[in-house]
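Keeping the supplied structure of chain A fixed, place chain B upon it in accordance with the hints.
2 protein chains.
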Amino acid sequence: MLKRLFTLFFLGATTFSYAQTSDEQIIRRIFDEALEKGHSYEMLRELTKGVGARLSGSPGAAAAVEWSRQKMSSYGFDRVFLQEVMVPHWVRGKKEIGRIVNSRKLGSQDVNVVALGNSVGTGPGGTVAKVVKVNDFQELTALGREKVEGKIVFFNRPMDPKLMDTFRAYSGASNQRGTGPTEAAKYGAIGAVVRSLSSFKDDVPHTGSTRYGLNVPQIPAVAISTNDADLLSDLMDDDPELEFYFETHSRMLPDVLSYNVVGELKGSEFPDEIIVVGGHLDSWDLAEGAHDDGTGCVQSIEVLRIMKAMGYQPKRTIRAVMFMNEENGLRGGRKYAELAEENGEKHIAAMESDRGGFLPIGFGISGTDAQQNKLIGWKTLFEPYGIYQFKVGGGGADISPLRTQDVPLIGYIPDSQRYFKYHHTAIDNFEAVNQRELEMGAAAMASVIYLIDKYGL
Amino acid sequence: MLKRLFTLFFLGATTFSYAQTSDEQIIRRIFDEALEKGHSYEMLRELTKGVGARLSGSPGAAAAVEWSRQKMSSYGFDRVFLQEVMVPHWVRGKKEIGRIVNSRKLGSQDVNVVALGNSVGTGPGGTVAKVVKVNDFQELTALGREKVEGKIVFFNRPMDPKLMDTFRAYSGASNQRGTGPTEAAKYGAIGAVVRSLSSFKDDVPHTGSTRYGLNVPQIPAVAISTNDADLLSDLMDDDPELEFYFETHSRMLPDVLSYNVVGELKGSEFPDEIIVVGGHLDSWDLAEGAHDDGTGCVQSIEVLRIMKAMGYQPKRTIRAVMFMNEENGLRGGRKYAELAEENGEKHIAAMESDRGGFLPIGFGISGTDAQQNKLIGWKTLFEPYGIYQFKVGGGGADISPLRTQDVPLIGYIPDSQRYFKYHHTAIDNFEAVNQRELEMGAAAMASVIYLIDKYGL
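Taken in order, these protein sequences are the chains called A and B.
So the first sequence is numbered by my numbering: it starts at 8 and just counts up by one.
So the second sequence is numbered by my numbering: it starts at 8 and just counts up by one.
Hints listed in this document are in silico derivations from the structure and should not be mistaken for laboratory results.
One or more of the hints may lead you astray.
One copy or any two copies: either way a pair holds, since identical chains are not told apart in the list.
List time: in silico DSS-like cross-link candidates among lysine-lysine, alpha-carbon distance up to 30 angstroms [claimed, not checked]:
1) 208 x 315
2) 56 x 112
3) 169 x 461
4) 322 x 169
5) 461 x 273
6) 44 x 112
7) 398 x 381
8) 44 x 169
9) 381 x 169
10) 140 x 208
11) 44 x 315
12) 208 x 56
13) 315 x 169
14) 273 x 386
15) 169 x 56
16) 44 x 208
17) 140 x 44
18) 158 x 140
19) 315 x 273
20) 154 x 193
21) 322 x 273
The shape of chain A in the complex, shown without the other chains (with noise of 0.2 angstroms):
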């Protein structure tokens, strides 16, 4: 407490009195602070560089623990603590085989696949069959259990280039790979393809995770790049005959122990009063997991970084929560929100950061009217910064959980177009982020959360 007083007395010795200057002045040093000054983008490159891949259950995702505690403890936050939560432990094995066969045109053809998340394996062995293509499953249904028996089940619907927002058009092809494989099961299937969900024609295929029903085969299945599955799709046309063989080695292990990571600014006015701002700390296996979601994490910290760096004394508790597992399984959001039910915590709003580190365009909140209405009157103040998207609807799969407590979710958006590039791949590496657009993004969630604890919301 001694500190604190001292702090304070420091602080408003040296620098200036928040109560007496405007949200422009002061979102305007928030955002100096971050690019002048940030600390953001050396965050990344530890967390990317320093700890790598992290799946949820690696020795990578313990480390991602750990450096996270460490650093958040480094910069003095008032509490930085570990919520403990069982994860899913999956791992993909050696590099999966995908190749085409009986080709006419080609003979057979090596082609780059990637087992999706929670996949089953084919063993050594692999998988070898004709394939059926489909575009949806209301194909798959059209054909029925004699057409797709014993076969290899090819979902080969691309993402819409037509629609601005790239994450409208994932939503419109992400069943294929989320229940693609268990649908084709259902008919007897014997493997997945399934094209990946990607903007862009490259060679780079796209994992994710696959979900299997219950009391349906758990048949293998993986991810094709955009160029082989139109590879694939063209050579089909004209040859019935034509074969796929894949090879994975992915398998489901016991459960692990792992963490949520938290990190606290206690609230000087309304302690009680919880503001969350956080990304996921796991990531796929392939990479680092620099957009998805590296940035979301270290731009969280960044948040509460560049409050204790300006002397700013928040009214209300702001935690920046470092989720796990939110990439196959959700364990770290639903094990928050139960906690916070379970300690009676009173949580006012929760923003996420989990679309990747690019440009920010805007920030979505689902809330009540009054909340979502409070939020979207903030717009003039961030448009000196380019950013004009307020609007109605948004979150995280991380934070959702918190919604059925009536709390107010607000999603960080910044520019989807080059994000579905590196989603789920191999490369989604520190090279792909850019430092100002990330510092950026910090300094815009820093102000909303900002004016979230200087007004409620």
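Below, chain B alone, put in the same frame as chain A:
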């Protein structure tokens, strides 16, 4: 003529009447064409990977002229023609050497430098001298001849990271490169080292043109990477005896004949009213000139291609212009304006794309109040595409000579955060351009050109 009648009939029968379609619908079709069936990205691949670097006077520049001519001819534009222009012919010669010498701490240390465009070389003997560091010309003046004579002047003012518009930050630092060497020479300096004009700290030096003054000795000059500028600056602070050595082999050769390349769709109602959309075809020699300005060139061609592909018959004449020699002379832009005046051509608007192939965020216009208000009034048509910034003030280097003929100038504005990572460097290559961003920019440009064609300006 028979062909055009047939085309009109054919399109009328199979597509729809543009007269009865709202601007919103036509702009949606333009974006769909660009994003679903666009050619800009493949054109850029040809121009960067196929042609490559194309500094004025180089064989690459000649190849780029021929590529542009063939490409626009292949699209069946109504007219494709060249405009002769004599251009400077500067050559870099063999790779530069930069070295900190006599450092107490590091001894001799190589650093990353590139000769400034148009600069004279040191020759094989190099230049070596003690260094004086300045942030601006005032500091240089304050030092005076006594402290500068026989030294190398190190200009070390960074771009201001706090500015949202990085072009403003660039403008705030670029006189060091443009006239720093000649200013230093006035005080007897024998060489100049200029901090790279970059928004980032890294090892990549940025070239760009310098301009020698009349009756001032021409001294050799290099740009040094931002990391190495920081190193040099830090070492100098406690090491006044430190020296700098650099070796450059650049020289200016006699002027060479080159060309602007123009492609044209003839207007059906007002063929004598010309709308220009362009970029510059020349690039620096260090890389493929992707963002600077391959993207502007292919986007300009794409504007006309999209109109043709949609069966849109412009009322006015629309020209895609690939200007030559923006980088180190602006001869092409000047020649274009000169010929326009000579030929009594009436230009009703000129647009340039020369800020990289990044996410479109707006347009700026320099014209009469009425022209400016008209363009800005179209803003709401672009908000569905995330494009919010329609503002007064804009243009581009190549179209700027048209301003004396009262032509309203429009600058296409993409997001600027990443540009000064690539600008004038060895990494401004095809891989640095994102397909969707490039295509969205072309669509935004085509939409504005469509509106000008329909309503005038």
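Consistency of the hints with the structure:
1. With identical chains, the CA atoms of residue 208 and residue 315 are at most 30 angstroms apart between copies only, with a shortest distance of 25 angstroms across copies and 44 angstroms within one.
2. In this assembly of identical chains, the alpha carbons of residue 56 and residue 112 lie at most 30 angstroms apart only when taken from different copies (29 angstroms versus 43 angstroms within one copy).
3. For a Cα distance limit of 30 angstroms, the shortest separation of residue 169 from residue 461 across copies, 24 angstroms, qualifies, whereas the shortest one inside one copy, 40 angstroms, does not.
4. Proximity of residue 322 and residue 169 under a CA criterion of 30 angstroms is satisfied inter-copy only: 27 angstroms between copies versus 45 angstroms inside one chain copy.
5. Taking CA atoms no more than 30 angstroms apart as the test, residue 461 paired with residue 273 passes inside one copy only; the shortest distance there is 14 angstroms, against 60 angstroms between copies.
6. Taking the closest pair of Cα atoms, residue 44 and residue 112 come within 30 angstroms of each other only across two copies (27 angstroms); inside a single copy the shortest separation is 58 angstroms, beyond that limit.
7. When the C-alpha separation of residue 398 and residue 381 is checked against a cutoff of 30 angstroms, the pair qualifies both within a copy, at 11 angstroms, and between copies, at 28 angstroms.
8. In this homomeric assembly, residue 44 and residue 169 come within 30 angstroms of each other (Cα to Cα) only across copies, at 10 angstroms, whereas the closest approach inside a single copy is 39 angstroms.
9. In the homo-oligomer, the alpha carbons of residue 381 and residue 169 lie at most 30 angstroms apart only across protomers (28 angstroms), although the nearest pairing inside one protomer, at 32 angstroms, exceeds that limit.
10. Taking the shortest alpha-carbon separations for residue 140 and residue 208, only the intra-copy value of 19 angstroms comes in at or below 30 angstroms, while the best inter-copy value is 49 angstroms.
11. Taking identical chains as interchangeable, the C-alpha atoms of residue 44 and residue 315 lie at most 30 angstroms apart only when both belong to the same chain, with a minimum of 13 angstroms there against 50 angstroms between chains.
12. Taking CA atoms no more than 30 angstroms apart as the test, residue 208 paired with residue 56 passes in both settings, with 27 angstroms inside one copy and 18 angstroms between copies.
13. In this assembly of identical chains, the alpha carbons of residue 315 and residue 169 lie at most 30 angstroms apart only when taken from different copies (19 angstroms versus 43 angstroms within one copy).
14. Taking CA atoms no more than 30 angstroms apart as the test, residue 273 paired with residue 386 passes inside one copy only; the shortest distance there is 27 angstroms, against 44 angstroms between copies.
15. In the homo-oligomer, the alpha carbons of residue 169 and residue 56 lie at most 30 angstroms apart only across protomers (27 angstroms), although the nearest pairing inside one protomer, at 35 angstroms, exceeds that limit.
16. Taking the closest pair of Cα atoms, residue 44 and residue 208 come within 30 angstroms of each other only across two copies (13 angstroms); inside a single copy the shortest separation is 38 angstroms, beyond that limit.
17. Proximity of residue 140 to residue 44 under the C-alpha cut-off of 30 angstroms is restricted to the inter-copy arrangement: shortest distance 23 angstroms between copies versus 53 angstroms within a copy.
18. Within a single copy, residue 158 and residue 140 get their C-alpha atoms as close as 10 angstroms, which meets the 30 angstroms cut-off; across copies the closest is 72 angstroms, which misses it.
19. For a Cα distance limit of 30 angstroms, the shortest separation of residue 315 from residue 273 inside one copy, 11 angstroms, qualifies, whereas the shortest one across copies, 62 angstroms, does not.
20. Taking the closest pair of Cα atoms, residue 154 and residue 193 come within 30 angstroms of each other only inside a single copy of the chain (12 angstroms); across copies the shortest separation is 84 angstroms, beyond that limit.
21. Taking the closest pair of Cα atoms, residue 322 and residue 273 come within 30 angstroms of each other only inside a single copy of the chain (8 angstroms); across copies the shortest separation is 65 angstroms, beyond that limit.
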